[in-house]
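Chemist: Model the full assembly from the supplied sequences, consistent with the hints where possible.
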Amino acid sequence: MSAALELKDVTKIFGSVKAVNKLNLTIEQGECFSFLGPSGCGKTTTLRMIAGFENLDEGELYSGGKLFSSSYKHYYLPPEKRDFGMVFQAFAVWPHMTVYDNVAFPLKIKKLPKNEIAERTEMALKATSLTKEAEMFPQKLSGGQQQRIALARAVAINPKVMLLDEPLSNLDPHLREEMRFEIKALQDKFGFTVIYVTHDQAEAMALSDRMLVMKEGVVQQVGGPLDIYNDPANKFVFSFIGLSDFIPVKVKNGQIFVDGGEECGPVNGDIPKNLDPSIEYDIACRPSEIDFAPDGVRAQVVRRTYLGDIVDYLLKIGNVELRVQKPRRHSTAQLGETCHLRFNRLLWYDRKEETASKT
Amino acid sequence: MSKAVKVQKKFGMAEVALIFSIAILVVVVAVPVIMIFLTAFFKDGHFNLAGVVEVLKQKDTYLALKNSLIIAFGVTLFSTIIGVFFAWLLARTDIPCKKALNAMFMVPFMLPSFICAMAWKVLLSPRSGYINKMLMAMFHLDSAPIDIMTMGGIIAIETMYLFPFVFLQVSGALERMDPTLEESARISGASLWTITRKITLPLVMPSIVAGALLVCLYSLAHFGVPSILGVEKGIYNIPTKIYERIYASGGSYEAIRVGTILATILVICATLILKLQNVVLKKGRFQIIAGKSMRPVVLKLRGMRWPLFIICVVYLLLTVVMPTVTIFLIGGLKTYGLSFLPKNMTFANYAEVFQMKMTRSAIWNSVYLSTLTAFVTMLAGVMISYVIVKMKVKGKFILEFLGVLPYSLPGTVIALGCILTWSGKFGINLYNTAGIIFVAYIARYMAFSIKSNSAALEQVSDSLEEASRSCGATHWQTLTHIVVPLIRPGMINAFFLIFLPALRELTTSVLLYGPTTRTIGVAIYALNEDGETVRAAALAGIALIIIFIGETFIKGLLARLDKTKRSA
Numbered sequence: 001m002s003a004a005l006e007l008k009d010v011t012k013i014f015g016s017v018k019a020v021n022k023l024n025l026t027i028e029q030g031e032c033f034s035f036l037g038p039s040g041c042g043k044t045t046t047l048r049m050i051a052g053f054e055n056l057d058e059g060e061l062y063s064g065g066k067l068f069s070s071s072y073k074h075y076y077l078p079p080e081k082r083d084f085g086m087v088f089q090a091f092a093v094w095p096h097m098t099v100y101d102n103v104a105f106p107l108k109i110k111k112l113p114k115n116e117i118a119e120r121t122e123m124a125l126k127a128t129s130l131t132k133e134a135e136m137f138p139q140k141l142s143g144g145q146q147q148r149i150a151l152a153r154a155v156a157i158n159p160k161v162m163l164l165d166e167p168l169s170n171l172d173p174h175l176r177e178e179m180r181f182e183i184k185a186l187q188d189k190f191g192f193t194v195i196y197v198t199h200d201q202a203e204a205m206a207l208s209d210r211m212l213v214m215k216e217g218v219v220q221q222v223g224g225p226l227d228i229y230n231d232p233a234n235k236f237v238f239s240f241i242g243l244s245d246f247i248p249v250k251v252k253n254g255q256i257f258v259d260g261g262e263e264c265g266p267v268n269g270d271i272p273k274n275l276d277p278s279i280e281y282d283i284a285c286r287p288s289e290i291d292f293a294p295d296g297v298r299a300q301v302v303r304r305t306y307l308g309d310i311v312d313y314l315l316k317i318g319n320v321e322l323r324v325q326k327p328r329r330h331s332t333a334q335l336g337e338t339c340h341l342r343f344n345r346l347l348w349y350d351r352k353e354e355t356a357s358k359t
Numbered sequence: 001m002s003k004a005v006k007v008q009k010k011f012g013m014a015e016v017a018l019i020f021s022i023a024i025l026v027v028v029v030a031v032p033v034i035m036i037f038l039t040a041f042f043k044d045g046h047f048n049l050a051g052v053v054e055v056l057k058q059k060d061t062y063l064a065l066k067n068s069l070i071i072a073f074g075v076t077l078f079s080t081i082i083g084v085f086f087a088w089l090l091a092r093t094d095i096p097c098k099k100a101l102n103a104m105f106m107v108p109f110m111l112p113s114f115i116c117a118m119a120w121k122v123l124l125s126p127r128s129g130y131i132n133k134m135l136m137a138m139f140h141l142d143s144a145p146i147d148i149m150t151m152g153g154i155i156a157i158e159t160m161y162l163f164p165f166v167f168l169q170v171s172g173a174l175e176r177m178d179p180t181l182e183e184s185a186r187i188s189g190a191s192l193w194t195i196t197r198k199i200t201l202p203l204v205m206p207s208i209v210a211g212a213l214l215v216c217l218y219s220l221a222h223f224g225v226p227s228i229l230g231v232e233k234g235i236y237n238i239p240t241k242i243y244e245r246i247y248a249s250g251g252s253y254e255a256i257r258v259g260t261i262l263a264t265i266l267v268i269c270a271t272l273i274l275k276l277q278n279v280v281l282k283k284g285r286f287q288i289i290a291g292k293s294m295r296p297v298v299l300k301l302r303g304m305r306w307p308l309f310i311i312c313v314v315y316l317l318l319t320v321v322m323p324t325v326t327i328f329l330i331g332g333l334k335t336y337g338l339s340f341l342p343k344n345m346t347f348a349n350y351a352e353v354f355q356m357k358m359t360r361s362a363i364w365n366s367v368y369l370s371t372l373t374a375f376v377t378m379l380a381g382v383m384i385s386y387v388i389v390k391m392k393v394k395g396k397f398i399l400e401f402l403g404v405l406p407y408s409l410p411g412t413v414i415a416l417g418c419i420l421t422w423s424g425k426f427g428i429n430l431y432n433t434a435g436i437i438f439v440a441y442i443a444r445y446m447a448f449s450i451k452s453n454s455a456a457l458e459q460v461s462d463s464l465e466e467a468s469r470s471c472g473a474t475h476w477q478t479l480t481h482i483v484v485p486l487i488r489p490g491m492i493n494a495f496f497l498i499f500l501p502a503l504r505e506l507t508t509s510v511l512l513y514g515p516t517t518r519t520i521g522v523a524i525y526a527l528n529e530d531g532e533t534v535r536a537a538a539l540a541g542i543a544l545i546i547i548f549i550g551e552t553f554i555k556g557l558l559a560r561l562d563k564t565k566r567s568a
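Protein chains in written order, with the numbering used here: chain A, 1 to 359; chain B, 1 to 568.
A portion of the hints provided could be inaccurate.
[Unchecked claim] Keeping only pairs whose Cα atoms sit at most 25 Å apart, straight-line, the calculated SDA-like set for lysine to any residue is:
1) A:K18 x B:V393
2) B:K390 x A:S39
3) B:K394 x A:K140
4) B:K392 x A:K316
5) B:K394 x A:K189
6) B:K390 x A:K316
7) A:K81 x B:H475
8) A:K73 x B:K394
9) A:K8 x A:L67
10) A:K160 x A:S71
11) A:K18 x B:D462
12) B:K392 x A:Y76
13) B:K390 x A:T44
14) A:K316 x A:P327
15) A:K73 x B:I492
16) A:K140 x B:L558
17) B:K451 x B:F375
18) B:K392 x A:N55
19) B:K396 x A:P327
20) B:K394 x A:E54
21) A:K140 x B:F375
To be clear, the hints were calculated from the coordinates, so they are not data collected in a lab. The model shown is predicted, which means the values in this text are computed figures rather than measured ones.
Modeler: If you want it as structure tokens, here you go:
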């Protein structure tokens with residue numbers, strides 16, 4: 001079976017900016033694949049090229065073994081011929097049509113027999129629990145319901161590939177979580193391939209079989225959610241996926257010291273063999289991977305905040321600040337106290353390398 | 001399934017639409033304008049600036065220019081003061097009967113100003129004005145106390161019927177303004193008076209300026225009022241001067257050339273005004289528009305409540321009711337000059353309007369020309385604005401440039417351009433036919449159509465179209481199933497925005513009509529000029545009825561569309 005989507009050297013240029021730069025990617029049938037990255041990283045542009053709303057400036061795009069776009073052969077299949085389903089961030093339900101007509105529209109365009117249109121529309125409405133609202137107009141419905149119309153409309157044509165462009169970012173948080181499961185359930189039921197664009201790493205983690213992290217048009221890493229979380233390719237990916245601490249360090253006599261907090265003692269952990277002595281390093285760690293311990297590097301508790309089940313700490317080692325998050329049971333350190341820390345899963349990065357955001 | 005479009009074939013629907021749109025604007029708008037400039041600046045194939053200077057040095061053209069500017073300035077100033085005052089009074093105070101007053105303040109917008117000028121002339125002309133005669137009898141005066149046939153009179157009458165431009169802009173802005181902007185000033189301790197001065201007025205300033213410049217643009221190139229009140233007394237502005245020159249000489253080339261030079265000045269002024277408007281709107285475009293539910297702070301007028309209400313009512317009685325009643329009464333007189341006693345009244349004049357060949361054909365001409373123009377211009381506007389707003393196509397900037405052009409072309413200029421373009425110079429001679437009025441109307445009202453349709457199209461988010469494409473609909477299917485149904489209110493709005501003014505059009509048609517192609521406006525004007533005041537008034541009365549029915553009809557239609565959309 002050929003891949004659901006195959007991108008070869010796909011490039012898009014806006015003016016002098018390379019919005020997407022030589023993207024190579026293969027997405028298998030039935031996969032749930034996310035494009036993750038900060039706004040302006042090129043993920044939506046990539047999706048729009050897959051959908052056919054943007055042409056490629058360079059490269060080729062195949063779906064199911066068939067050529068869809070090629071800059072070399074000057075070939076371009078218009079969006080309406082690609083048979084993809086698509087859901088937009090702003091819902092894009094047509095205000096002048098009822099819920100039913102919105103969902104039936106793609107089927108009418110295909111000129112399917114009347115009874116089949118009715119059957120498939122009702123099936124799609126049922127799958128998205130919109131049967132009761134079928135004869136209503138979209139403005140009367142909530143944001144969640146409007147997005148369900150868009151989902152039903154995309155599902156109705158029974159697409160091989162479903163493109164979702166930040167479909168949940170206009171919804172409020174608890175609804176977002178609920179819809180996440182609904183999308184997953186729809187995928188299980190209909191078996192389409194999902195391409196999901198988002199800037200929310202938790203959403204991408206929860207949904208995807210595999211994902212791709214992008215920055216300024218360039219792919220940073222492709223892999224399963226756990227691989228990316230545990231084994232990030234670079235400092236950017238590490239800081240973009242979840243919370244992160246970066247601590248400047250110095251290596252002295254085979255021991256690690258916090259740069260600016262040498263008097264607090266050495267940090268536990270192994271020193272990688274391949275360190276370059278000419279480079280200044282940061283060690284990186286997830287706030288949840290730092291434990292309070294009877295011994296280890298000394299830190300001062302500057303701020304202690306309850307976040308429900310977990311406690312968020314701001315600590316200081318010398319003059320370096322870091323965050324630690326612990327379940328309430330393990331959060332014995334009090335405000336103003338001195339505590340000892342043990343680091344797990346340390347990663348080493350060049351201090352000059354860029355992060356996604358300041359932590 | 002390899003029916004895909006090859007990209008190499010660079011000629012899709014977008015390119016065809018673009019070229020067609022450009023072609024329409026070039027033929028209808030650009031060529032006439034270029035012809036005006038060519039005629040103004042070139043003589044026998046040579047650039048001729050001396051000729052231009054010579055024309056401008058002539059006393060009467062120079063005076064006409066000066067008058068145009070003075071009138072435009074005065075009308076703009078007074079319209080702004082009156083428009084802002086009434087808009088604020090109705091939107092931000094507790095004046096009684098707001099709804100009724102709001103509706104009534106829209107009426108001056110409907111009234112053709114030249115018909116009202118006729119009414120005012122009947123009432124206040126120095127020799128035979130009814131009010132003047134009455135006042136003279138009452139106070140034993142030797143001469144008429146009020147002379148409407150002066151610069152002041154022209155400014156006053158134009159102001160009465162142009163101030164709604166400001167009123168509409170400002171009351172719209174006040175209505176849409178986010179009330180929390182004012183509420184937060186109030187919570188900071190500002191009094192309502194301070195809020196009005198420091199918050200409300202500055203925030204609606206862009207709307208005030210936009211309305212004022214619209215008035216200025218309109219007044220600068222206005223034909224009707226000055227021709228009825230001024231020409232008899234030798235007061236000309238640019239449009240009436242052009243008309244006089246051309247008619248006095250029987251349409252000679254030299255007169256037309258003088259006309260084109262004056263027209264060029266109009267175009268330059270109009271372009272400057274529009275530039276200014278763009279600058280103001282761009283600079284002052286605050287985001288003051290909020291959601292739906294708003295309960296703005298209202299100034300309690302207390303003791304001033306009823307006196308101010310009476311001022312509003314008196315103003316409306318004077319500017320709306322009195323002229324309208326006068327027109328209908330004059331139209332019912334057996335002979336002009338008699339007093340309005342039952343024995344002097346008759347319906348014969350009204351019946352005659354439908355019997356006389358000239359008036360009958362004028363009504364027919366106006367009705368079918370307006371309908372046709374509105375329809376064609378509306379459709380062309382949809383296409384042009386679609387290309388401008390929605391399409392990604394190379395060469396769009398040409399269309400964007402041409403699309404702005406109609407805004408800056410006063411009716412007189414368009415008429416002159418059409419005479420130059422469509423009198424056989426390019427193989428097509430439409431002179432003295434309805435065709436030339438038709439093309440002139442298209443040029444004149446294209447701006448309305450593009451504006452209304454672009455506004456509607458901008459409301460349609462791109463993703464609505466993309467959703468349709470991803471559902472398998474072609475570009476064309478998307479247009480017919482999604483875009484057109486969504487912009488239908490904008491299209492209907494455009495139709496009536498063109499149909500109603502075209503119905504009573506005078507400025508352009510007066511330069512273009514032939515023996516069998518008089519429009520309602522021209523017929524009224526001509527009858528009045530020939531001293532047939534009573535017949536002119538009767539036709540004007542019937543025109544008012546047609547316009548009133550038309551207005552109410554759209555209001556009803558648009559309200560119904562709005563309702564179905566909202567209940568949706």
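Chemist: Now tell me, hint by hint, if it's right for this structure.
Modeler: We went through each hint and held it up to the structure:
1. Proposed proximity of K18 (chain A) and V393 (chain B) is supported: the alpha carbons are some 21 Å apart, at most 25 Å.
2. Straight-line distance between C-alpha atoms of K390 (chain B) and S39 (chain A) comes to about 24 Å, which keeps the hinted pair within the 25 Å bound.
3. For the hint pairing K394 (chain B) with K140 (chain A), the CA-to-CA distance comes to about 40 Å; that exceeds 25 Å, so the pair is violated.
4. With a C-alpha separation of about 55 Å, the suggested pair K392 (chain B) and K316 (chain A) falls outside the 25 Å cut-off, and the hint is violated.
5. Distance restraint check for K394 (chain B) and K189 (chain A): the Cα-Cα separation of roughly 44 Å exceeds the 25 Å cut-off, and the hinted pair is therefore not satisfied.
6. Restraint check: the Cα-Cα separation between K390 (chain B) and K316 (chain A) comes to about 55 Å, which exceeds 25 Å; the hinted pair is violated.
7. Proximity of K81 (chain A) to H475 (chain B) is assessed by CA-CA distance (about 11 Å); at most 25 Å being required, the pair is judged to hold.
8. The straight-line distance between the Cα atoms of K73 (chain A) and K394 (chain B) is roughly 22 Å, inside the 25 Å bound, and the hint therefore holds.
9. At roughly 11 Å between alpha-carbon atoms, K8 (chain A) and L67 (chain A) fall within 25 Å of each other, so this suggested pair holds.
10. The hinted pair formed by K160 (chain A) and S71 (chain A) meets the criterion: a straight-line CA distance of about 24 Å does not exceed 25 Å.
11. A C-alpha spacing of about 23 Å is found between K18 (chain A) and D462 (chain B), which places the hinted pair at or below 25 Å, so the restraint holds.
12. For the suggested pair K392 (chain B) and Y76 (chain A), the alpha carbons sit about 16 Å apart, so the restraint of at most 25 Å is met.
13. With a CA separation close to 19 Å, the supplied pair K390 (chain B) and T44 (chain A) stays within the 25 Å bound.
14. Taking the CA atoms of K316 (chain A) and P327 (chain A), the gap is about 20 Å. The hint holds against a cut of 25 Å.
15. A threshold of 25 Å between alpha carbons decides the hint, and for K73 (chain A) with I492 (chain B) the separation of about 45 Å lies outside it, so the pair is violated.
16. Of the pairs offered as hints, the one joining K140 (chain A) and L558 (chain B) holds, with about 21 Å between alpha carbons and a cut-off of 25 Å not exceeded.
17. Between K451 (chain B) and F375 (chain B) the CA atoms are separated by roughly 15 Å; this keeps the pair inside 25 Å, and the hint holds.
18. With a C-alpha separation of about 12 Å, the suggested pair K392 (chain B) and N55 (chain A) falls inside the 25 Å cut-off, and the hint holds.
19. This hinted pair does not check out: K396 (chain B) and P327 (chain A) have alpha carbons roughly 60 Å apart, beyond 25 Å.
20. Between K394 (chain B) and E54 (chain A) the alpha-carbon distance is near 15 Å, which keeps this suggested pair within the 25 Å criterion.
21. Between K140 (chain A) and F375 (chain B) the alpha-carbon distance is near 34 Å, which puts this suggested pair outside the 25 Å criterion.
Checked against the numbered hints given earlier, this structure breaks hints 3, 4, 5, 6, 15, 19, 21; the rest are met.
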